[in-house]
Amino acid sequence: MSETITSKHVSFLEHKGKYKGLLGWILSTDHKRVGLLYLYTMLVFFSIAAILGLLMKIQLIAPGYTIMGPQTYNSMFTVHGIIMIFIIVVPGLPAVFGNFFLPIMIGAKDVAFPKLNLASWWIYIIGILVVLSSQFVGGWPDTGWTFYAPYSFRTPTNVLPALFGAFILGFSSILTGINFVVTIHRMRAPGMTWFRMPLFPWTLYATAWIQILATPVIGITLLLTVMERVLGVGVFDPTLGGDPILYQHLFWIYSHPAVYIMILPGMGAISEILPVFSRKRIYGYKAIVLSSLAIAFVGYFVWGHHMFTSGMSGRALYAFSFLTFIVAIPSAIKVFNWVATMHKGSLNFQTPFYWAVSFIFVFMIGGFSGLTLGSLATNVHVHDTHFVVAHFHFIVFGGTGYSFMAALHYWYPKMFGRMYDRGWANTGWAVFFGGFLTLYLPMFGLGMQGMPRRYYDYLPEFHTGNIISSLGAILMIVGAIIVIVNLVRSARYGEKTSEKNPWGGKTLEWETDTPPTLENWEDLPTVEERPYEYK
Amino acid sequence: MEKHEEHTSHVHRDDEGDKLGMWLFIFTELLLFGMLFLMYAVYRYKNPVAFQLGGEELDVFIGTFNTVILLISSATVAMSITAIQRGNKKQALILLGITLFIAVLFLVNKYFEWGAKIEYGFYPGSNLLHELGHGTTLFFGLYYVMSGIHALHILIGIGLFIYVVHQIRREKIHSTDYVWLENTGLYWHLVDLIWIFLFPLFYLIH
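As they're listed, the protein sequences go chains L and U.
For the first sequence, this note's numbering assigns the number 1 to the initial residue and increments by one for each residue that follows.
For the second sequence, this note's numbering assigns the number 536 to the initial residue and increments by one for each residue that follows.
As a list, the in silico EDC-like pairs of lysine to aspartate or glutamate whose alpha-carbon atoms are at most 16 Å apart:
| hint | chain 1 | residue 1 | chain 2 | residue 2 |
| --- | --- | --- | --- | --- |
| 1 | L | K109 | L | E511 |
| 2 | U | K645 | U | D727 |
| 3 | U | K707 | U | D550 |
| 4 | U | K581 | L | D243 |
| 5 | L | K115 | U | D553 |
| 6 | L | K115 | U | D549 |
| 7 | L | K500 | L | E511 |
| 8 | L | K109 | L | E519 |
| 9 | L | K109 | L | D513 |
| 10 | L | K109 | U | D549 |
Partial selection, computed: residues in chain U whose CB lies under 10 Å from chain L:
| hint | residue |
| --- | --- |
| 11 | L559 |
| 12 | L567 |
| 13 | M570 |
| 14 | T671 |
Don't read these hints as lab results, they were simulated from the structure.
All C-beta atoms, glycine included, are put in the ideal place defined by N, C-alpha and C.
Taking the hints into account, I'd like the entire structure generated from these sequences.
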């Protein structure tokens, strides 16, 4: 009996189950361990893809051949894109923080299907291995991460495993989405009504629906491209009567909603962090909830704005442009709510807060440049230039990346039972933020001047902007190294803490042990009021 | 350190949740096939004559036969669920056996149907299709892709049925815990439903 009592307070990190050591992790169905498995996997691949990005920026520091030729450069941006999109930002926050915190934040002991959850991670790993196998046989793929037809079945490089691997990764995403929807519907703690649910679970809910309803589209599209390449069925091949523009439609029917898969959970994490560090109730809780659902819904109908120059009817162009402007509104509502939450708050300047505020800053730049791209006339001017690259990185790296870092610094003590070095964390953030802006802001200018994307070379008049941008890349990588080394080191040597609520949060995860025990709760909590009720 | 006690006091069971999960999965399947139907619509609109001639090449008898037996198999699955609910294990196993037999029969028919088509030279990349032009190439491209992916689903269904039969024999699925059988049934109805659309689109519209 006495042993039972002690084991109840053993954290999930130290829990000894059926398997020991590494097996105790990779065969564990504990949602917290699965979340950390995703985190570690992403850390490894983020480092690889970030190095590829840095190499590209070094190549672009001067016109002509610097460290690589055109074919290598094409492979670099392809592999950088495939890893960053399909392995990092699409699973991103849901796979790591969703797995770890969704059950805790709604007062459950695990997700609805723990075995399926572990299976998702394994499918994810298998997908990664298949993608990576393209690197070792027959030359790196050089299509770009979008695999546009007809080049994706004409190129002699080994694009097949990349296509098939991305298809497999889609399954992992779908299964996670199904798991989260069922968990949220069926496993909320007593008293946790829909509108007492914290905002991070709400955004996970909206995201999970996109994962369920959009991912199959990319699945079948990639599968058809595989068949096109292997069998020549003809559906995308113009020489056999197929339509390559149809490929683009199908690809973006998934891949635009996928941008919201990337950003929505990030918005949720920011909505958790700001009230805690402002010591104020979130402004417009329901508006944030409804705007998340609105983004998920309207996000389905804007895919055409990726194809303004591909060939569409004029009427379709107007419709897609209009809808693109509509989808900006819910995002703007959120920014308004975040700023209003901070207004007259008692601000507590800590690392997660720095990341969260800088998130709003870069997200707004990314959002406004998105409107520039969404309006027809300017789109034709800056289409396929560095302007798009800058916009995309401000949203996906600035949006998802910053919110990921904010969330990681916010929940870190709860996850590991240790605290990172705050001084280094803040220094790392500052260097990273400075490097980020120096890297991507000049790209807007370069794009306006007309420098196309995806070329290893450029005209001499683009030299100044590229030098600044490349130096920014180096600075940003230094910042990223500081941040990551600090976090990795602190997981081992950081100051131990078992304080349940270091930041003074009001959501359920701050009521469990630090780090949580295997089943999170001895007795399920009862919820009596909305989250974020600071009085 | 010694092994910690596993807390098994609260074994989580939620049949409603399990069924909800299955329905969500069915949504993803509908979207997946939905995109294929979309492509069919686009290419049929662009090549009406070739699609009509392509449809006349297919064997309506085999198509009809497969439709009828697949519908019967959907009924036998539904009946096996009722049998399990009543606790009639033997009847449930017989009905699932019939379903399994029909699923295999469907694939056997498909094998002969495809074999005959390939023998005549109707397959992606063949010279015959090249001579017959774009529309026919697309028709047979879509025919093989769509009925092929459907056949893959039949194959997965066969795997599920074997698992369920095994679980019934081990008394893991019984009159008070049969959500696995119900979900397999749901999946099988989906496979059936998709065929109900594939059949007229390829075989009947002339």
